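Trainee: The lines below spell out each chain.
2 protein chains.
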Amino acid sequence: MMKTGLQRVARLVHNNALPRNLQILPGLQQASACGSSTDSLVARFCPKKSDLKDYALPNATWCPDMLSLYQEFLEKSKSGSWIKLPSFKSNREHIQGLKLPSGLVAASDKQDWRIFTRCIQLEGQGFEYVIFFHPFEKKSVCLFQPGPYLEGPPGFAHGGSLVAMMDETFSKTAYLAGEGLFTLSLNIRFKNLIPVGSLAVLDIQVEKIEDQKLYMSCIAQSRDKQTVYAKSSGVFLQLQLEEESSQEQ
Amino acid sequence: MMKTGLQRVARLVHNNALPRNLQILPGLQQASACGSSTDSLVARFCPKKSDLKDYALPNATWCPDMLSLYQEFLEKSKSGSWIKLPSFKSNREHIQGLKLPSGLVAASDKQDWRIFTRCIQLEGQGFEYVIFFHPFEKKSVCLFQPGPYLEGPPGFAHGGSLVAMMDETFSKTAYLAGEGLFTLSLNIRFKNLIPVGSLAVLDIQVEKIEDQKLYMSCIAQSRDKQTVYAKSSGVFLQLQLEEESSQEQ
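Chains as they are written, first to last, in the working numbering: chain A, 1 to 249; chain B, 1 to 249.
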């Protein structure tokens, strides 16, 4: 169990009074925004070769809007501006070789762990999504198609499923843009319901990085931008993941 | 698809300028807090007999904390102060015989629809939870045990899963306390991570009902209240569900 609260960690970061073994990033300078830090994070996050299944690939259940927008971003990614993020079954696979900050002890690997947004493996029934990340502009786009297992009001996606998708996209963006690791807060204003089976496009932007915190915004809307589904903001705490080998020395 | 945004509906309610066929509650008076309205809603929501499976019942995966607190609340429910809410596979089953307000057309019943928080049917792997509601004090308690399919950071529940659980408990409480139907906004501050497989107790309170909106708060913490996981607030819009038969006349 985590003994130290996230807010307390944030205060400790601010006061330069960190608990033993807790690695905290130095204040992130503007200059490092597009530097090696993000590059190396992206390189680690997007392995050229992997035996792990990538769930962020088209399948027969994707609606035509989702499929064609995916192809558009894939085309853009050839120029290197956008990067398609792989999506594995568990965050454990995303951070292989790294360990959580001291005080956070992960339970054993014995169970069938799944990242929440990949909890349903039946194609089209749960979260269908793919995230594209733009390292230089520190922004992301998530193409999200909620399935019938994410229902709230009959025929529409549960508000909680949209928030989960926002939190997950915030989280991956925060990590790659500046090692943002933990959600400190989320504010969401809902505008319209998302019909199950249709596409919602989430545009995420890092607004600023200050005092070891990343401030981010999100707008979720239809592809033609005529219907806004929700707007949100999120604050993430920066914490460096340690190399496992360096701990064992 | 919903043509009218939730915020616009809220403004229309406020201005008494409602679209055709949209049934809106009259301003809820203090006096109606414990009156027939909540009573009849609860009676409809908690049928004495039902063939539907209730997922809010103990199973072998519940941790001892969850099981014993469930028994405590079940004991209290005998005096009538607390009511254990059943939890069916889909919201369609919760609102049988009722229809959504005009403009919200639910898709067909042909698919395997599931309410998001019951999306995983494998015991212990997803959302294990039960909600108790206190009609007179307009509050709820949700006992929530996240399974390994709700993972975020390795070994801990995804922030989005906790928000989904909060939204769902807010939602049921808002409906029973004053026909709150749609989430307008959510604000969440995360304090500590919830270890997968352990109990989080969500205490939900209706703070006020004003201008057809319900204002609610939630604190999620460990059973001994020594660890706060998150605090949140939510605003819900009141909208009356129509009887299907009255529409068909």
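Hints in this document: simulated from the structure, not taken from any laboratory.
Quick caveat, the model's predicted, so the values are computed rather than measured.
You may find that some hints are simply not true.
For chains that are exact copies, the list does not tell them apart, and a pair is met inside one copy or across any two.
As the list claims (entries may be wrong) - Result set (DSSO-like, lysine-lysine): computed pairs, CA atoms no more than 30 Å apart in a straight line:
(1) 99 to 225
(2) 231 to 191
(3) 191 to 110
(4) 49 to 231
(5) 99 to 231
(6) 208 to 84
(7) 99 to 191
(8) 191 to 49
(9) 76 to 208
(10) 49 to 225
(11) 139 to 231
(12) 99 to 76
(13) 49 to 213
Trainee: All the hints need checking, so say for each whether the structure fits it.
Mentor: Evaluation of the provided hints:
{"no.": "1", "hint": "99 to 225", "in the structure": "between (40 Å within a copy, 29 Å between copies)"}
{"no.": "2", "hint": "231 to 191", "in the structure": "both (8 Å within a copy, 23 Å between copies)"}
{"no.": "3", "hint": "191 to 110", "in the structure": "between (42 Å within a copy, 28 Å between copies)"}
{"no.": "4", "hint": "49 to 231", "in the structure": "neither (36 Å within a copy, 41 Å between copies)"}
{"no.": "5", "hint": "99 to 231", "in the structure": "between (33 Å within a copy, 27 Å between copies)"}
{"no.": "6", "hint": "208 to 84", "in the structure": "within (23 Å within a copy, 45 Å between copies)"}
{"no.": "7", "hint": "99 to 191", "in the structure": "between (39 Å within a copy, 21 Å between copies)"}
{"no.": "8", "hint": "191 to 49", "in the structure": "neither (41 Å within a copy, 37 Å between copies)"}
{"no.": "9", "hint": "76 to 208", "in the structure": "within (25 Å within a copy, 49 Å between copies)"}
{"no.": "10", "hint": "49 to 225", "in the structure": "neither (36 Å within a copy, 46 Å between copies)"}
{"no.": "11", "hint": "139 to 231", "in the structure": "both (15 Å within a copy, 28 Å between copies)"}
{"no.": "12", "hint": "99 to 76", "in the structure": "neither (33 Å within a copy, 44 Å between copies)"}
{"no.": "13", "hint": "49 to 213", "in the structure": "neither (32 Å within a copy, 52 Å between copies)"}
In terms of the numbered hints stated before, the structure departs from hints 4, 8, 10, 12 and 13, listed from lowest to highest.
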